[in-house]
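Q: Read off the chains here:
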Amino acid sequence: MEWRRRHVLGLSDFRPEEIEFVVDTARSMEEVLTRDIKKVPALRGKTVVNLFFEASTRTRTSFEMAGKRLSADVVNFSSSTSSITKGETLLDTARNIEAMTPNILVIRHYASGAPHFLSRHLSCSIVNAGDGANEHPSQGLLDLYTILKAKGKVAGLKIAIVGDILHSRVVRSDLHSLGRMGARLWLCGPETLLPREMARTGATLTSDIREAVRDADAIIMLRIQLERQKTSFFPSIREYCRRYGLNRALFSLAKDDAVIMHPGPINRGVELSDDLADCDQSRILDQVASGVAVRMALLYLLAGGSHAAH
Amino acid sequence: MLLIRGGRVIDPASRRDEEGHLVLSEGKVREFLAGEAPKNFPGRVIPAEGKWVVPGLIDMHVHLREPGYEWKEDIRSGTLAAAAGGFTTLACMGNTKPVNDHPEVTRFILDKARTEGAVNVFPVAAVTRGLEGKEMTDFTELSEAGAVAFSDDGKPVASALLMRRAMEYARPFGYLIMTHSEDPELAEGGAAHEGWTAQRLGLPGIPAAAEDIAIAREILLARQTGGRVHIQHISTRMGVDLLRMAKRAGLAVTGETAPQYFTLTDAALEGYDTNAKMNPPLRGEEDRMAILEGILDGTIDAVASDHAPHEDYVKRCEFVAAANGIIGLQTSLPLTLALLAGGKVSPSRAVDLLSAGPARLLSLKGKGTLAPGADADVTVVDPDAEWEFRKEDILSKSRNSPFIGWKLRGRAAVTICGGRIRHSCQSGIDTDG
Amino acid sequence: MKKAPAKTILDGKGVERVLSRLTHEILEKNKGAGEIVLVGIASGGIPLSRVIRRKILSIEGVEVPAGFVDITLYRDDLSKAGYQTRLKRTEIPFSIDERKVILVDDVLYTGRTIRAAMDALMDFGRPRNIQLAVLIDRGHRELPIRADYVGRNVPTSRGETVEVRVEGEPDEWSVVLTGAPAGKGE
Chain A
1 MEWRRRHVLG LSDFRPEEIE FVVDTARSME EVLTRDIKKV PALRGKTVVN LFFEASTRTR
61 TSFEMAGKRL SADVVNFSSS TSSITKGETL LDTARNIEAM TPNILVIRHY ASGAPHFLSR
121 HLSCSIVNAG DGANEHPSQG LLDLYTILKA KGKVAGLKIA IVGDILHSRV VRSDLHSLGR
181 MGARLWLCGP ETLLPREMAR TGATLTSDIR EAVRDADAII MLRIQLERQK TSFFPSIREY
241 CRRYGLNRAL FSLAKDDAVI MHPGPINRGV ELSDDLADCD QSRILDQVAS GVAVRMALLY
301 LLAGGSHAAH
Chain B
1 MLLIRGGRVI DPASRRDEEG HLVLSEGKVR EFLAGEAPKN FPGRVIPAEG KWVVPGLIDM
61 HVHLREPGYE WKEDIRSGTL AAAAGGFTTL ACMGNTKPVN DHPEVTRFIL DKARTEGAVN
121 VFPVAAVTRG LEGKEMTDFT ELSEAGAVAF SDDGKPVASA LLMRRAMEYA RPFGYLIMTH
181 SEDPELAEGG AAHEGWTAQR LGLPGIPAAA EDIAIAREIL LARQTGGRVH IQHISTRMGV
241 DLLRMAKRAG LAVTGETAPQ YFTLTDAALE GYDTNAKMNP PLRGEEDRMA ILEGILDGTI
301 DAVASDHAPH EDYVKRCEFV AAANGIIGLQ TSLPLTLALL AGGKVSPSRA VDLLSAGPAR
361 LLSLKGKGTL APGADADVTV VDPDAEWEFR KEDILSKSRN SPFIGWKLRG RAAVTICGGR
421 IRHSCQSGID TDG
Chain C
1 MKKAPAKTIL DGKGVERVLS RLTHEILEKN KGAGEIVLVG IASGGIPLSR VIRRKILSIE
61 GVEVPAGFVD ITLYRDDLSK AGYQTRLKRT EIPFSIDERK VILVDDVLYT GRTIRAAMDA
121 LMDFGRPRNI QLAVLIDRGH RELPIRADYV GRNVPTSRGE TVEVRVEGEP DEWSVVLTGA
181 PAGKGE
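Residue numbers (the numbering used here), protein chains in the order written: chain A, 1 to 310; chain B, 1 to 433; chain C, 1 to 186.
Mixed in with the good hints there might be a few duds.
What the hints assert, rightly or not - Capping the alpha-carbon separation at 27 Å, the derived lysine-lysine pairs in DSSO-like fashion look like this:
no., chain 1, residue 1, chain 2, residue 2
1, B, Lys39, B, Lys28
2, C, Lys88, A, Lys153
3, B, Lys97, B, Lys247
4, B, Lys155, B, Lys39
5, B, Lys112, B, Lys28
6, C, Lys7, C, Lys29
7, B, Lys155, B, Lys97
8, B, Lys391, B, Lys365
9, C, Lys31, A, Lys149
10, A, Lys38, C, Lys100
11, B, Lys155, A, Lys230
12, B, Lys365, B, Lys28
13, A, Lys38, C, Lys13
14, B, Lys112, B, Lys365
15, C, Lys88, A, Lys68
16, A, Lys68, A, Lys158
17, C, Lys88, C, Lys29
18, A, Lys39, C, Lys88
19, A, Lys38, A, Lys158
20, B, Lys97, B, Lys39
21, A, Lys230, A, Lys149
22, C, Lys88, A, Lys151
23, A, Lys230, A, Lys255
24, A, Lys255, A, Lys153
25, A, Lys39, A, Lys158
26, B, Lys247, B, Lys407
27, A, Lys39, C, Lys100
Said to hold, decoys possible - Just so you have them, the derived chain B footprint on chain A, three or more residues with Cβ under 8 Å:
no., stretch
28, 103 to 114
29, 132 to 138
30, 144 to 154
31, 287 to 295
Hints were generated in silico from the structure; no laboratory data involved.
As the structure is a prediction and not an experimental result, all values here were calculated from the model.
We treat Cβ as the ideally placed atom computed from N, Cα and C, and that holds for glycine.
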């Protein structure tokens, strides 16, 4: 199989072979990261622009690192240092950047579908680094990669995702990456943040964290936006923590070798107790390390093909 | 003098549906003739064999954007699109700039329509000053200036108290209040119908309840006040159910829907197509079926396009930031005629929805009928014409339609307004200057 | 265009003999197996390096470290090469610092693969030297690169393909030249 995709906008239309292709490529990239000199010349002469309309130091840094490890020139363009505040439209901003002939545009935007929109108007490859509440494909892939590394497989595993399901783009990508590889997914959160329609994905929905966690092989805790409280999604952070915070006692319901994951940044003591965040079974830092390998894989794959010839 | 020869004359207001000939003179319908066509007719003859001859279509819900947003549409371009779509009368909403909350604005629109309009235009004035939902407009002055109804369309009247007062105050004078029914808090920040599609695309949802609650509110206020209210662009299943219930209870509540709500569902949003973005949003299949049911059983009184022109660039952006609304004047007729395919909607019912119904709702004298003495507004419909709706066929200044590229069936062959031919795609029949 | 029939350059026994000679040459030049490490270039060089390693073991009684390197990420034609295909593995689970690295490949052609492999090796450490062993040298060099140990020099035209098979049992091994236009040399 060869890689024919020009953009990575989301995992919703990824075939299992493609997901596997990325994972396999990421494994080779991970090997590069174990070397003394953690850099290969694969993307020499290529330019990757990180276009970030939302603050996200870790995803941006991860893409930046991935690009640099592949010897690409990486330029960061974020809303705080740009002309966006001057009322420029998204398309105008993107076209301005495209005029500088990047090969790959990595975009993070608060509006769902923004990368899809740009992909129809620009000629460079586009990687979605998170769009609104839609998808965060590289996160979905690195979550899969992390679980594969920890467990050797995902098929048949019970994986619980706990937190603000409604607003989470991580969930919408995990549903595709983990779901398509055969995981049994459980989505858990307060009913106000757990849209019923999500049952159509085949996931099991519950507002009871004990049910979600019981016998789970992996638990992905989502960051709760503290400001959601103001819009009445739940009564208080204290109450949220009591119902949906993962602590030792709850974690003991999971399988003995269960792993804990979190896309970050963590609210320590809110969705995840302090001790669990750092425990042996936490794979949170593994996720960060895997993230670079997975993003290297995506950038590398998109840099091939005649479409990348700028 | 004009003779429309040999068509199927469908005039639900006079319960007529038969082959014959229609004579127009001096801007009025003179008579219907059955049998042989008159020989040596001393005037123009429009052959209509194989076609339908119906009262000029009335779109009771359009945005002509003039004054204030002439780059999106103006009275000239909007009425030309209307004529091409078979419409001879439009009721235009008041969310212009300035808002039509003052008789000067109403008169401006009417003057413009008289001098530049291709078809009749009846302004709808705002219910509240500046559409701000705080103070009522001067209903009497606006009505005397020519406003046919009142609506804050584009925005709901958020205050139940103000809505109550408006209905109550308007009641003795017979002024019609029309509502864009939406609970603003429930709908806040939403960009798509709250359902599977919105979940899948990660779009903030607008729950059906946001519309249903507001419709229920209008109905309960109509009951409380004995007033009359017309619900605009109904898109939900419960909305239809509530209206049906209100009618059964004998309340003076009526409702319209738009072709998009019985033609499309939120599945059209796939790929973040901003031309499928509107408010109320395209709903689920269950809602679409309920709208069809409401049309079949007479719960829904009219089909109106909610023609809402927008320039390309406010649609060429990320979905949540895109403007709401689509144009509809040139697609409303064929999309409504598509309802005939199942055999449940009769041609006469379709004409009622697009002409007689709106005329009744807006109390437009001499419109929506072909009875002798009625205005000479006539649409000759070719029900079998198959055509593709192409971008270059759009007469509106804006092209925001999800139906571009659709193969449609049925169109206006000739549109006659006040006895003058305003549109023709029939060979040998030219339009009047 | 009519193609010439495939021509066998080496059969199983021939490959075996050539690799034995190469191994002896490597050992002779390096005065034993002491500081040697073997790195096969994926994919073709990997089975060859395995055979050489076995032969060193039987001659010298020493198990030399052996790894392999995938040069895809070091290619100079990545953006011209069409769609990306699967990466192969790189595995050099030992330090190459101050070691004599014997780079092993099946066919030496333009020299670009060897350039890429040397760049890759440099990222793993600083070897004392790098030596190149190839089974076939078919000419047409595009870079100033020369092998230290050559199994067989085979004059070819650019239209031809050299197929090396060193998988399975030794009697299945072969080197075959195919695809040359009939009666046309270069």
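Q: Are the Cα positions of Lys88 of chain C and Lys29 of chain C separated by 27 Å at most?
A: Violated. Lys88 of chain C to Lys29 of chain C sits at ~31 Å, over the 27 Å cutoff.
Q: What's the verdict on Lys88 of chain C and Lys68 of chain A, does the C-alpha distance respect the 27 Å limit or exceed it?
A: Given pair Lys88 of chain C, Lys68 of chain A holds - Cα atoms ~21 Å apart, limit 27 Å.
Q: Against the 27 Å threshold, does the CA-CA distance of Lys39 of chain A and Lys158 of chain A hold or violate the hint?
A: violated, 36 Å
Q: Check the hint pairing Lys155 of chain B with Lys39 of chain B against an upper bound of 27 Å on the C-alpha distance.
A: violated, 55 Å
Q: Is Lys112 of chain B close enough to Lys28 of chain B, meaning Cα to Cα at most 27 Å?
A: holds, 23 Å
Q: Against the 27 Å threshold, does the CA-CA distance of Lys68 of chain A and Lys158 of chain A hold or violate the hint?
A: Violated, because 36 Å separates the two Cα atoms, which is more than 27 Å.
Q: Starting from Lys39 of chain B, check that the Cα of Lys28 of chain B is at most 27 Å away, please.
A: OK: Lys39 of chain B and Lys28 of chain B at ~21 Å, within 27 Å.
Q: Starting from Lys112 of chain B, check that the Cα of Lys365 of chain B is at most 27 Å away, please.
A: holds, 21 Å
Q: Are there three or more residues in the stretch 132 to 138 of chain A whose C-beta lies closer than 8 Å to some C-beta of chain B?
A: holds (count 4)
Q: Keeping to a limit of 27 Å between CA atoms, is the pair of Lys155 of chain B and Lys230 of chain A held or broken?
A: Holds. Lys155 of chain B to Lys230 of chain A sits at ~25 Å (cutoff 27 Å).
Q: Under a C-beta cut-off of less than 8 Å, do 3 or more residues of the stretch 103 to 114 of chain A approach chain B closely enough to confirm the stated coverage?
A: Satisfied; 5 residues make the cut.
Q: When I compare C-beta atoms, does the stretch 144 to 154 of chain A have three or more residues closer than 8 Å to chain B?
A: violated (count 0)
Violated hints, listed in ascending order, are 3, 4, 6, 8, 9, 13, 16, 17, 19, 20, 21, 23, 25, 26, 30 and 31; each of the other numbered hints is respected by the structure.
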